[in-house]
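Trainee: So the sequence lines, in the order shown, correspond to chains G and F. Just so we're aligned: 171 in this note's numbering is position 185 of the first sequence, and the numbers increase by one with no gaps anywhere. Numbers given in this note's numbering equal positions in the second sequence, counted from 1, plus 3.
Just so you know, the hints here were simulated from the structure itself, not pulled from any lab data. This one's a predicted model, so the numbers in the text were calculated from it and none came from an experiment. Quick reminder that beta carbons are idealized off the backbone N, C-alpha and C, glycines included. You may find that some hints are simply not true.
[What the hints assert, rightly or not] Which residues of chain G face chain F? A partial, calculated answer using Cβ under 7 Å:
#1 Leu89
#2 Leu93
#3 His234
#4 Gln245
#5 Ser257
#6 Glu260
[What the hints assert, rightly or not] Pair ranges (Cβ atoms, derived):
#7 Asp129/G with Val54/F: 35 to 43 Å
#8 Asp129/G with Trp297/F: 46 to 54 Å
#9 Arg16/F with Asp108/G: 46 to 54 Å
#10 Arg16/F with Gly109/G: 36 to 44 Å
#11 Thr27/G with Ala145/F: 39 to 47 Å
#12 Arg16/F with Lys48/G: 27 to 35 Å
#13 Gly12/F with Thr27/G: 26 to 34 Å
#14 Asp108/G with Asn85/F: 47 to 55 Å
#15 Ala289/F with Asp129/G: 38 to 46 Å
#16 Lys48/G with Trp297/F: 37 to 45 Å
#17 Ala117/G with Arg316/F: 15 to 23 Å
#18 Val54/F with Ser31/G: 26 to 34 Å
#19 Ala145/F with Arg184/G: 35 to 43 Å
[Unchecked claim] Straight line, CA to CA, 27 Å or less: simulated DSS-like cross-link-like pairs of lysine-lysine:
#20 Lys81/F with Lys48/G
#21 Lys49/G with Lys81/F
#22 Lys84/G with Lys49/G
#23 Lys84/G with Lys381/F
Listed here are the chains, written in short residue letters.
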Amino acid sequence: MLARTTDAPLVSPLVMEERDGVFAVRFSAMAGPCELLLHTTDRASALESGAIAAGEAWRIEKKYSRYRQDSVTARINGRTGSVLLVDEETASLLDFAKQCFELSEGLFDITSGVLRRAWKFDGSDRVPDAAAVECLLPLVGFDKLYRDGTFLMIPDGMEIDFGGIGKEYAVDRAYDLLMARCPVPFLVNFGGDLRASRPLPHGPWKVAIERPDSDRSAAMMLDVEYGALATSGDSHRFLLKNGIRYGHVLDPRTGWPVQGSPRSVTVAASSCTEAGLLSTMAMLKGSQARQFLEEQQVRFWLL
Amino acid sequence: MQLEADTAGLRRRLIAASCALLSAATARSEETSVPEKLGRLLENWQIQSAVAYYHEDGRIQAIEPVVSAARETSDGGKIDLNFTFDSLSGSSPNGASPSRAAQTFASPSAKSFDAARHTYTVGPGRLPVDPNYSDARAAGGANWTFNLSRLTQATVGGKFSYEDDFYSATVNASIDHSFNDKNTTVSLGVSSENDFLQPIGGAPVPLSDYTLFEKGGHKSKRGEGLLLGLTQVMTRSWLTQANVSLDRFSGYLNDPYKIISVIDGTGNPVSYVYENRPDSRTRRSAYLENRVAWQRSSVALSLRYMTDTWGVRSDTAQVRLRWWNAARDQYLEPSVRWYRQSAADFYRPWIVNNEAQGPDASADSRLAAFHALTYGVKYGIKLNDRLGWFAREGTEFNLRLEYYQQTIQDGPAGPGALSGLNLYPGLKAILFQFGFSY
């Protein structure tokens, strides 16, 4: 799922409330509502854990948002054509993005953002002409980046965007930080991408997953004991021309929207990063999304 | 349509990739909590360190540790810091010629010949060297590079060097501008150096008799440099670089410890005088380097030509090859450097008594005509995760071995008693360096 971030101030207040022995610490990050749920009686440690989760979300947003001038992403995209030294965390994310690129045979590509120069999904009928898309294709392709350890060079005109993995990575990072110091059951939920440590004493966590564009317009309720859920899809973003609907999911290999993508894919997996990649890849598989997910032998919900 | 085995493999590999990403992050956060201060301090810094051992056959040996650190700043600039500490000891030629008879010299610190502990004697036929030579030098430098625009970078910096008898401070500034899709970079650099000399026992009066101990005071010199550079990316794997530079030094340019033998018609020394060099020197040089890289090898070829107002002209050619192994974590880098220079106009291995000569004279073999060959080999291994928490990507050990051989050319034949002596023994040296980048 693409994390939409803005230039709004990063640090928002932490709001804490308690219901049925579960503390909820809420804050804003990555342009969405985030929360940490904990089953505990210790109010102070709940707030402290919330601050840790929020701190990690804000750290990753500040570091990787391509909308922030001071981010690593902006620095990398602003210095194309020259060799840069990146830190180890960024190098790990690039390694991960490379493996996803290879595993998906080029479908998942963090360099595909340049296609947005031709495609503006504003609900209009302004479908770009084929030549405009064609001339962007040489600027897409993770395999065109030069990497050597912590050295990175991005060819001129290209750009990278960690939006496709940043939020899920943030959920897993916050989860790992809390696991190291928090013995009680908890659930990290950053804008619908979530991960739970273990079930509540009296049963599973009840989580609401927003189903955008659903006729029922009601959230889907899911039971989660432990593990992660990630959802991809945002069907408010499309173009409509001559009766053909052009969805916002672009195939980086052709530059054109994938046909027949589901409106929304939710996948359960052991980590949020893995769940997020599977749901994103399913979207990119278009009409073959269901078959793809069945082959992966994961639990999923399609709309 | 993919085979089922492939898609099951996809998920398994995705799990492995996710685990690698997350466990690396956890390992990093644990790493910073253990040696937290050190970790924080080193974060984002690339550290390079090396210890070199230099040994000249029968003369000086030196140990030189070097540490340098570089980091990128948040606005895409760079900060470089470096520190060096040299320790030299051994025997250094004092400039006098060999002789058929034993020769006795005073140490630089001597005020007269009466103190026996301040003298040393060189046997017949031997090149006179001061056996008590020792020196220690501490030096540091810093450079800050910042972006003036997307295509223009500026660097400002300075360095400082300290020895018991010598202090040097340099400031430098340069500007680089790229164009032609960043394939071409032009550079302009300027530098200014100020040196202060406080020779042991005082600076001798040039050409004064060695036994009169006419010494005193301290001296200074200054230098200015100008450099114009052009770097051109020829193809994806071929880079060429050309520089021209001009620098000028003025002030006290003598070596305060170097003397010259004054011989009579029979070739025997009658006295020794301190050397005297012109008080300015202007150098022009041109440099061309080509670097070509292939998948697992690269070659760098460089040529330099230098000429100065002292009449020294030199040519340098160096070729360096590098081979990587298949995993690209080990490399071997053999190199050969060839150097040739002509003698300074005022180079005199000795002065003949009562013979007319110009005001400038030096017997320093570094101003003689010579050629030199350096053979080197370097081996490097990247450690990556082989060192546990301490290592990170880019951690590398390397070893370098160099052999240097200098042959002095076209020295005048010795008259009388000097004939048959080895007047120009040349120099052989080895360098062994152990380096670690972090």
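Trainee: None of the hints should be skipped; say for each whether it holds.
Mentor: Hints, one by one, checked against the model:
1. Leu89: holds, 5 Å
2. Leu93: violated, 11 Å
3. His234: violated, 23 Å
4. Gln245: It is violated, given that the least Cβ distance between glutamine 245/G and chain F is near 17 Å, above 7 Å.
5. Ser257: Holds, about 5 Å.
6. Glu260: Where the cut-off is 7 Å and the nearest Cβ of chain F is about 4 Å from glutamate 260/G, the hint holds.
7. Asp129/G with Val54/F: 35 to 43 Å: holds, 41 Å
8. Asp129/G with Trp297/F: 46 to 54 Å: 19 Å Cβ-Cβ, so the 46 to 54 Å window is violated.
9. Arg16/F with Asp108/G: 46 to 54 Å: At 37 Å between Cβs, range violated.
10. Arg16/F with Gly109/G: 36 to 44 Å: holds, 38 Å
11. Thr27/G with Ala145/F: 39 to 47 Å: violated, 55 Å
12. Arg16/F with Lys48/G: 27 to 35 Å: holds, 31 Å
13. Gly12/F with Thr27/G: 26 to 34 Å: violated, 46 Å
14. Asp108/G with Asn85/F: 47 to 55 Å: Distance hint for aspartate 108/G, asparagine 85/F holds at roughly 54 Å.
15. Ala289/F with Asp129/G: 38 to 46 Å: Given range 38 to 46 Å: holds, Cβ gap about 40 Å.
16. Lys48/G with Trp297/F: 37 to 45 Å: Holds, since lysine 48/G and tryptophan 297/F (Cβ atoms, about 41 Å apart) stay within the stated range.
17. Ala117/G with Arg316/F: 15 to 23 Å: Because 60 Å falls outside the window, the suggested range is violated.
18. Val54/F with Ser31/G: 26 to 34 Å: violated, 50 Å
19. Ala145/F with Arg184/G: 35 to 43 Å: With a Cβ separation near 53 Å, alanine 145/F and arginine 184/G fall outside 35 to 43 Å, so the hint is violated.
20. Lys81/F with Lys48/G: holds, 21 Å
21. Lys49/G with Lys81/F: OK: lysine 49/G and lysine 81/F at ~19 Å, within 27 Å.
22. Lys84/G with Lys49/G: OK: lysine 84/G and lysine 49/G at ~19 Å, within 27 Å.
23. Lys84/G with Lys381/F: violated, 32 Å
In summary, the structure is inconsistent with hints 2, 3, 4, 8, 9, 11, 13, 17, 18, 19, 23 from the numbered list given earlier, while agreeing with the others.
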